[in-house]
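Given chain A, work out where chain B should sit, using these hints.
Sequences listed follow chains A and B, in order.
Those letters in the first sequence? Residues 215 to 545, per the working numbering, in order.
Those letters in the second sequence? Residues 428 to 790, per the working numbering, in order.
No wet-lab data here; the hints were simulated from the structure.
Quantities reported herein were computed from a predicted structural model and do not represent experimental measurements.
Where is the CB? At the ideal position from N, CA and C, for every residue including glycine.
One or more hints might be untrue.
What the hints assert, rightly or not - Derived CB-CB ranges, DEER-like:
1. A:Pro502 to B:Pro580: 26 to 32 Å
2. B:Glu552 to A:Glu528: 54 to 60 Å
3. A:Gln373 to B:Gly521: 43 to 49 Å
4. B:Gly560 to A:Arg527: 57 to 63 Å
5. B:Asp743 to A:Glu528: 54 to 60 Å
6. B:Glu501 to A:Gly424: 54 to 60 Å
7. A:Ala298 to B:Gln679: 51 to 57 Å
8. B:Ala770 to A:Ala361: 28 to 34 Å
9. A:Arg278 to B:Glu561: 55 to 61 Å
10. A:Ser299 to B:Pro717: 53 to 59 Å
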Amino acid sequence: MAAPLLEIKDLVTVFHASEGRLPAVDGVSLSIERGRTLGLVGESGCGKSVTAMSTLRLVSSPGRIESGSITFTTEDESIDLVTASEKQLRKVRGGRIGMIFQEPMTSLNPVFTIGNQIAEVVQLHRKVSRSEARSRALEMLQLVRVADPQQRLDEYPHQLSGGMRQRVMIAIALACEPDLIIADEPTTALDVTIQAQILELLDDLRSRLGTAILLITHDLGVVAETCDDVAVMYAGRIVEQASAVELFSRPLHPYTIGLLRARPNVDARDRSPLATIPGMVPPPQDFPSGCRFHPRCSHAREPQCNLDPPALREVSPGHFVRCHFAEEINS
Amino acid sequence: MSEQHPVTDPALLQVKDLETHFPIKKGLLRRQVGSVKAVDGVTFDIPRGKTLGLVGESGCGKTTVGRSLLRLVEPTNGEVLFDDHSVRKENARGLRSLRRRMQIVFQDPYGSLNPRMKIRSILEEGLILHKMGEESARLEQMKQALERTGLSPAVLERYPHEFSGGQRQRIAIARALVLKPEFLVLDEPVSALDVSIQAQVINLLKELKQELGLTYLFISHDLSVVEYLADNVAVMYLGQIVESAEVGQLCQQPLHPYTLALFSAVPSVEVKNRRQRIVLTGDVPSPSRPPAGCRFHPRCPLAETVCREVEPPQVDLAGHRFHCHVASRELERCGGNAAKTSAEMQAAITAATSDSTEPYSAV
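Chain A on its own, in the form it takes in the complex (with noise of 0.2 Å):
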């Protein structure tokens, strides 16, 4: 079997604040098949964004990658993004990678046109000149369905809405065909209908283009409409990990479970008070011991779940949990 596209290994981020080493991302393992989509999911400060950060090397000071690997395998290279150059880099980062930020806002420079921002990321990859770029970019334009390509070329991000400038995001993402795209909190700033364009242009690209997906929300019904693969974090760590169809049908970590139960469900006619995780996730400074959700976790029993910390087993082929009780739970 061929390596995958992204593979991560073990990797530990950690930021030296006052508080002393806070490990936000503290051994995560993952990776990514070519024309696959993955979802990584979890509630804010469970490490879900500094992993993608990581991933491209864009995590900056006080914050250190400070173990683990991350394999990039293309046709022709294999590299590892935590020892690669910064030449090497350079070429990965909008390259071969390419990012979608959640803020369509805060991640477009406002004091330059859709056009010229499209057109630089081409230029900065590929040798070709300024009208050959910008031709490309009114290409982009055309395939992530802006209307009027022509005209917004020569716009600014403030002339356009929110839905329109994710589209603009996701053409300078795509403007060197990379074989990955990361996508954090893509839709979070958007609207239901325009969510719903979105997340069917990118459904759509995939497919035809297959370009793997790294998709990071905090949104399981998004998850379960456009993933393939699902991963659930808390606190830094991945606690369980599954096909989409699997992981929504028979999720084994109490987590999982309480998350998908905390959600009212727009089909369903009941009532009766919403299941609820007690407490907060904890911050890096107060990573509980053993299993991290224990305090908040109804199934906890000592002295395993306080003291030993579960490893991510596999319980069923491609159905892995960090739970030292996920099938007497569920039985």
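Using the frame of chain A, we list chain B on its own:
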């Protein structure tokens, strides 16, 4: 829906033809060159003890409706009756006494609490303003309000930055409750919170409503939350209500194409029934230049000539109200059967959107 008794039991809040326009000023002399019609003719009632869910996308005017009710923004036209008092006609003193009874909880728990004030001062401010009790009585009321929202009295001596988003939202709710209001405007109260915290706050709001008999206007873009909490739902688009009904009726038999699209756009966690999603094209137009005819027609897959020219009148089917030419014609054809009409509308939209898949340009 025959349980309405408009004569014997007037609704706590009655809103009629509410309009709130914001002037657009240009040039050196700041001449008014137009106006943003954020709210443009909105009518609804909220009976005592009920929750109206107001849903719509950003920019549709739902927040402005909430603020106009309390006159936090001045409405341009229309009538707001709270317990038979005209909110718009009250003078400053009358308005203040009404505002004790109508409170608001804002979306952003980080922006709505003054970072320089202790929780005690934040909660006490309203009590002092409304001259509610001596210091010891005020303290008692504050403690009660905190307890109701699941916080300990110890928080009184702390500052907002010491709390998480969910706790801040509880404080904001306590600030509203301490005045013993009858009516709360909840403007996206859970949108800024994580899923597990969201569920805690939703449960809290529900308990409070039952225990204190509160009446809510619940503003949200999240349909699943609205469906869970509301008794009645109104869907807004570009400053107007396009459809409103009892919650079950609206969610199961939506008739307006916009409502149908909105519901189908909500991602569901049921992987197995990935529904046929209706994906609307285009963005919400600017409320300063709303389209002629039906305001939804530029994005509507079923739009016809009449939709571009004539503003659709309201159709009222036993409390299920909507504004749509196509739906009202379908309803007539289906002999007034809402369930059948809803299914027909859904099928028609699905057919229309799958036919018109835009050709892609080659990469």
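Status of each hint after checking the structure:
At roughly 27 Å, the beta-carbon separation of Pro502 (chain A) and Pro580 (chain B) lies within the given 26 to 32 Å, and the hint holds. Separated by about 57 Å at the C-beta atoms, Glu552 (chain B) and Glu528 (chain A) satisfy the suggested range of 54 to 60 Å. Range check, Gln373 (chain A) to Gly521 (chain B): about 45 Å between beta-carbon atoms, so the 43 to 49 Å window is met. The hint said 57 to 63 Å for the Cβ distance between Gly560 (chain B) and Arg527 (chain A), and at roughly 59 Å that hint holds.
Between Asp743 (chain B) and Glu528 (chain A) the beta carbon distance is about 58 Å. The supplied range of 54 to 60 Å therefore holds. Taking the beta carbon of each, Glu501 (chain B) and Gly424 (chain A) are about 56 Å apart, inside 54 to 60 Å as hinted. Distance hint check: the CB atoms of Ala298 (chain A) and Gln679 (chain B) are about 55 Å apart, consistent with the given range 51 to 57 Å. In this structure the hint that Ala770 (chain B) and Ala361 (chain A) lie 28 to 34 Å apart at CB holds, the actual value being about 32 Å.
The hinted range of 55 to 61 Å is satisfied by Arg278 (chain A) and Glu561 (chain B), whose Cβ atoms lie roughly 57 Å apart. Under the hint 53 to 59 Å, the C-beta atoms of Ser299 (chain A) and Pro717 (chain B), about 55 Å apart, fit the expected range.
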